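K.L.:
One-letter residues, chain by chain:
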Amino acid sequence: MANLKTVSKKSKAQSMGMHTEVLTGRTQQKFFNPDEAENFYYFGTYDVDFNKRTELDVKDMTAPEANKEIDNLMSQGYGTIVIKNPQGKHSLGVGILNKLNLIFEGSLGYFGMGSCDGPIVRINGRVGWSCAENLMAGKVVIEKNAGSCFGAAIRGGDLICKGSVGARTGIDMKGGTIIIGGDAGAFTGFMMQRGRIIILGDVGINLGDSMYDGTIFVGGEIGSYGSDAVDSELTPSDQDWLKRKLKVAEIGENFDVSKMKKIVAGKKLWNYDNLEPTEKKGAI
Amino acid sequence: MCGIAGLIHRGKSSNVGSELQGMLQALKHRGEDSTGYALYGDTDGKNFIMRFKVGENVGEGSSSVMEDVSVYDERKKIVDETLAEMGAKIVKEERTLPYSLRYEIDYDTKDLLDFSQRIESIPGVEILSMGKSLEVIKDLGNAKMVCDRYSLDKVVGTHAIGHARMATESGVDIKSAHPFWGYPFSDVSVVHNGQLTNYWNNRRVLENKGMRFMSECDSELIAVYIAEKMRHGATLEEGMKESLTGLDGVFTYFVATKDSLGMAKDTMAAKPLVLYESDDLVAMGSEEIAIRSVLPQEIDTYDPFDGEVKVWQI
Numbered sequence: 001m002a003n004l005k006t007v008s009k010k011s012k013a014q015s016m017g018m019h020t021e022v023l024t025g026r027t028q029q030k031f032f033n034p035d036e037a038e039n040f041y042y043f044g045t046y047d048v049d050f051n052k053r054t055e056l057d058v059k060d061m062t063a064p065e066a067n068k069e070i071d072n073l074m075s076q077g078y079g080t081i082v083i084k085n086p087q088g089k090h091s092l093g094v095g096i097l098n099k100l101n102l103i104f105e106g107s108l109g110y111f112g113m114g115s116c117d118g119p120i121v122r123i124n125g126r127v128g129w130s131c132a133e134n135l136m137a138g139k140v141v142i143e144k145n146a147g148s149c150f151g152a153a154i155r156g157g158d159l160i161c162k163g164s165v166g167a168r169t170g171i172d173m174k175g176g177t178i179i180i181g182g183d184a185g186a187f188t189g190f191m192m193q194r195g196r197i198i199i200l201g202d203v204g205i206n207l208g209d210s211m212y213d214g215t216i217f218v219g220g221e222i223g224s225y226g227s228d229a230v231d232s233e234l235t236p237s238d239q240d241w242l243k244r245k246l247k248v249a250e251i252g253e254n255f256d257v258s259k260m261k262k263i264v265a266g267k268k269l270w271n272y273d274n275l276e277p278t279e280k281k282g283a284i
Numbered sequence: 001m002c003g004i005a006g007l008i009h010r011g012k013s014s015n016v017g018s019e020l021q022g023m024l025q026a027l028k029h030r031g032e033d034s035t036g037y038a039l040y041g042d043t044d045g046k047n048f049i050m051r052f053k054v055g056e057n058v059g060e061g062s063s064s065v066m067e068d069v070s071v072y073d074e075r076k077k078i079v080d081e082t083l084a085e086m087g088a089k090i091v092k093e094e095r096t097l098p099y100s101l102r103y104e105i106d107y108d109t110k111d112l113l114d115f116s117q118r119i120e121s122i123p124g125v126e127i128l129s130m131g132k133s134l135e136v137i138k139d140l141g142n143a144k145m146v147c148d149r150y151s152l153d154k155v156v157g158t159h160a161i162g163h164a165r166m167a168t169e170s171g172v173d174i175k176s177a178h179p180f181w182g183y184p185f186s187d188v189s190v191v192h193n194g195q196l197t198n199y200w201n202n203r204r205v206l207e208n209k210g211m212r213f214m215s216e217c218d219s220e221l222i223a224v225y226i227a228e229k230m231r232h233g234a235t236l237e238e239g240m241k242e243s244l245t246g247l248d249g250v251f252t253y254f255v256a257t258k259d260s261l262g263m264a265k266d267t268m269a270a271k272p273l274v275l276y277e278s279d280d281l282v283a284m285g286s287e288e289i290a291i292r293s294v295l296p297q298e299i300d301t302y303d304p305f306d307g308e309v310k311v312w313q314i
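Chain order of the listed sequences is G and Y.
So in this note's numbering, spot 141 of the first sequence is number 141, and the numbers just go up one at a time.
So in this note's numbering, spot 136 of the second sequence is number 136, and the numbers just go up one at a time.
These aren't lab readings, by the way, just hints derived from the structure by calculation.
What you are looking at is a predicted structure, and each value in this text was computed from that prediction instead of being measured.
Warning: the hint list may mix true and false statements.
[Claimed, not checked] Under the rule of at most 25 Å between Cα atoms (straight-line distance), these lysine-lysine pairs were calculated in the BS3-like manner:
no., chain 1, residue 1, chain 2, residue 2
1, G, Lys68, Y, Lys28
2, G, Lys262, G, Lys139
3, Y, Lys12, Y, Lys77
4, G, Lys59, Y, Lys310
5, Y, Lys132, Y, Lys89
6, Y, Lys46, Y, Lys132
7, G, Lys144, Y, Lys89
8, G, Lys268, G, Lys243
9, Y, Lys132, G, Lys59
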């Protein structure tokens with residue numbers, strides 16, 4: 001190899017073989033053609049009939065067995081599935097990528113309904129840590145309390161907990177809406193990037209810590225603000241949206257939204273001048 | 001990642017040995033290097049129960065050095081002689097395993113510091129617990145293995161705490177296993193899930209105050225820290241509240257005394273805890289499935305918030 005200290009910038013790269021390397025074979029790049037039917041196929045999804053209903057008792061099943069059976073029922077076209085005796089099992093209902101009415105008669109453990117895209121879920125119990133993590137679309141309603149990291153990194157959909165939730169709710173969320181009927185723990189909205197969180201009760205310390213963007217609405221007391229989280233004006237359109245959202249969520253219908261606090265990112269932590277033009281547009 | 005579980009029956013006794021075994025076994029995926037039980041049994045309260053070890057379990061992935069069983073006998077003999085010198089009468093003696101013993105002792109004292117120091121000055125001997133209802137049983141393996149080995153499923157009592165350990169900060173051995181006795185306090189035990197980052201700073205300060213550490217496990221600091229606070233007149237709850245600022249790191253821990261059970265969660269709420277509370281029973285664990293092993297029916301549970309301390313009486 002040439003002496004890299006003495007060669008010019010152009011020949012330095014050439015000396016390292018960056019311009020002479022011969023690439024063989026094809027990349028995995030795929031080209032989208034709207035005329036081809038397979039482009040509209042979403043792997044692992046089923047066309048289901050909401051009127052086709054069944055029950056599944058998972059008391060004596062492991063989580064993988066239960067999830068496999070849910071998948072099997074969806075493949076048979078069942079669009080409404082009632083899960084009996086979940087008994088706090090972890091990772092139930094994960095990876096459902098189509099429309100489905102799913103009802104849990106009991107509580108879930110960790111990572112319940114994780115990585116889903118589309119189902120409408122009602123959980124008549126409590127959920128453990130990281131419920132509905134990475135939710136893309138759909139609606140998950142929890143009748144009781146939820147653990148920490150509720151709605152971590154969700155991209156879309158509505159996540160509703162009628163009770164209280166633990167710490168780091170909505171951590172790293174990139175879209176969607178999280179609605180909490182009770183209180184929320186510390187670091188709510190930690191590093192959130194987009195989306196909205198509504199908390200009707202009190203919230204713990206470090207609210208919205210290091211948030212990039214997004215909005216948090218709080219009805220009760222705030223333990224403390226996190227780094228770069230600041231108050232913003234609650235506009236009439238915010239209030240209209242809150243009323244509509246709470247009504248649809250069947251939670252706090254008579255709540256006085258005009259007294260809610262609105263928290264947004266101060267945007268002092270990040271250098272927004274360096275954004276690409278398209279990102280700038282999104283941020284605005 | 002470790003798992004902790006605890007329960008307290010209020011106003012009645014129950015088969016806490018079996019119940020805690022079910023809870024800890026449900027958490028075995030959080031670690032099964034060792035499992036420990038702190039059981040508060042129904043006793044007449046006359047004699048001290050001393051659980052101690054004269055050696056380590058050298059099987060089952062242990063990091064301990066193999067010793068000849070005759071060494072255990074020799075250490076036991078010295079313990080017996082030391083007890084006799086102090087005027088402590090052995091009422092009942094059980095040797096469950098070659099290295100693990102249980103003595104019922106007729107001994108009249110309120111300060112166990114001198115007693116403990118003399119027993120533990122014997123090389124290789126460690127008191128696992130000392131109390132009138134507390135018994136700490138810990139060994140390598142998962143909850144069922146330890147329960148079967150020590151026949152714990154028939155223990156009846158009011159409350160219990162336990163720990164399923166994945167060894168991260170220190171070795172796979174009994175001395176690093178939880179629960180830790182709140183030396184030198186009678187009937188105080190601690191289990192912990194998390195990491196303490198100011199362990200050495202606190203340890204140096206506490207050792208200078210005359211407190212003892214038997215392992216290099218950071219969790220032992222909690223037991224010693226609270227014991228030191230109580231030694232200077234603090235209540236259990238006051239000691240636990242002080243620990244939220246005195247201890248640095250992420251933690252959820254339980255402390256039990258002869259008539260109470262407490263929990264504390266750090267200010268970042270980084271470690272999990274699920275809690276069920278009713279008039280006659282409080283059950284808590286790192287995961288809901290632990291509680292479900294004793295309460296399979298649908299119940300209301302919740303996660304305590306950051307910086308929360310709670311104490312329940314029997």
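K.L.:
All the hints need checking, so say for each whether the structure fits it.
P.N.:
To see whether the hints hold, each was checked on the structure:
no.	hint	verdict
1	Lys68(G) - Lys28(Y)	holds, 24 Å
2	Lys262(G) - Lys139(G)	holds, 23 Å
3	Lys12(Y) - Lys77(Y)	violated, 39 Å
4	Lys59(G) - Lys310(Y)	violated, 32 Å
5	Lys132(Y) - Lys89(Y)	holds, 15 Å
6	Lys46(Y) - Lys132(Y)	holds, 7 Å
7	Lys144(G) - Lys89(Y)	violated, 55 Å
8	Lys268(G) - Lys243(G)	violated, 31 Å
9	Lys132(Y) - Lys59(G)	violated, 40 Å
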